[in-house]
Amino acid sequence: MKPPVLTIDGPSGAGKGTVSRSVAKKLGWHYLDSGSIYRSLAIAVSDKQIDLLDIASIVDIAKAISLEFECGDELVVKLDGVDITDRLPSEATGNVASIIAAYPDVRAVLLQKQKDFQQAPGLVADGRDMGTVVFPEAENKVFLTASAQERASRRYKQLKEKRIDANLAQITKEIEARDRRDQERASAPLKAADDALFIDSSNLSVDQVIEEVMNLIR
7 MKPPVLTIDG
17 PSGAGKGTVS
27 RSVAKKLGWH
37 YLDSGSIYRS
47 LAIAVSDKQI
57 DLLDIASIVD
67 IAKAISLEFE
77 CGDELVVKLD
87 GVDITDRLPS
97 EATGNVASII
107 AAYPDVRAVL
117 LQKQKDFQQA
127 PGLVADGRDM
137 GTVVFPEAEN
147 KVFLTASAQE
157 RASRRYKQLK
167 EKRIDANLAQ
177 ITKEIEARDR
187 RDQERASAPL
197 KAADDALFID
207 SSNLSVDQVI
217 EEVMNLIR
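For the working numbering, count along the sequence shown from 1 and bump the result up by 6.
Keep in mind the hints are simulated off the structure, nothing from the lab.
For glycine and all other residues, C-beta sits at the position ideal for the given N, C-alpha and C.
Mixed in with the good hints there might be a few duds.
[What the hints assert, rightly or not] Calculated cross-link-like contacts (lysine-lysine; reagent style DSBU-like; alpha-carbon spacing at most 30 Å): (1) Lys163 / Lys8; (2) Lys166 / Lys179; (3) Lys84 / Lys69; (4) Lys54 / Lys8; (5) Lys8 / Lys121; (6) Lys166 / Lys121; (7) Lys121 / Lys54; (8) Lys54 / Lys179; (9) Lys163 / Lys69; (10) Lys163 / Lys197.
[To be verified] Label-pair restraints from in silico Cβ distances: (11) Ser193 / Ile170: 42 to 52 Å; (12) Glu80 / Leu210: 40 to 50 Å; (13) Ile170 / Glu217: 40 to 50 Å.
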């Protein structure tokens, strides 16, 4: 018997990270933030100034990178031993990640790295295709979303709190464009698994969403 898996999928800014980490702590399970895997690769690609159309080079980097996830009060992500946590939320990183995540060859390289997180006593996997592609056999699946306007507002507040310059209208446009790109891509498009619990968090508190997810597990 493989360890149990809870998948929480949904678009950027829906609150998947906060909810997933809280549920993982309550259950005492491991945590996988697949979005950080793609964003980490985006940072590695950007730092090496690789052309985003050079798929072969991006694949080579994906094979070579080493990632560590430290899930305390806040998620700490290390790329080749270097803490890159503060660089992950930027819109530039997110946009590059969305572009390279559409490449099937890149997704294939990172797929096994994600599967390797399935260890006892269990795993909470946070992403966009956890329940449809990476862990389709998972018994418990959630699709967490919110309106583009609400997600943009949340991201704007996050960036402002970190004293990062941000424009709400621009963030909204970028989120809407990313949604279309993620939903329309040929490889693993963003969609809810047929057997997933659908939660719209636009008008829900974090605690209310966590409670819904915990009820599913119970």
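Going down the list of hints, with the structure as the test:
{"no.": "1", "hint": "Lys163 / Lys8", "verdict": "violated, 39 Å"}
{"no.": "2", "hint": "Lys166 / Lys179", "verdict": "holds, 18 Å"}
{"no.": "3", "hint": "Lys84 / Lys69", "verdict": "holds, 16 Å"}
{"no.": "4", "hint": "Lys54 / Lys8", "verdict": "violated, 38 Å"}
{"no.": "5", "hint": "Lys8 / Lys121", "verdict": "holds, 11 Å"}
{"no.": "6", "hint": "Lys166 / Lys121", "verdict": "violated, 35 Å"}
{"no.": "7", "hint": "Lys121 / Lys54", "verdict": "holds, 27 Å"}
{"no.": "8", "hint": "Lys54 / Lys179", "verdict": "holds, 28 Å"}
{"no.": "9", "hint": "Lys163 / Lys69", "verdict": "violated, 34 Å"}
{"no.": "10", "hint": "Lys163 / Lys197", "verdict": "holds, 26 Å"}
{"no.": "11", "hint": "Ser193 / Ile170: 42 to 52 Å", "verdict": "violated, 31 Å"}
{"no.": "12", "hint": "Glu80 / Leu210: 40 to 50 Å", "verdict": "violated, 22 Å"}
{"no.": "13", "hint": "Ile170 / Glu217: 40 to 50 Å", "verdict": "violated, 31 Å"}
When the structure is compared with the earlier hints, violations turn up for hints 1, 4, 6, 9, 11, 12, 13 and for no others.
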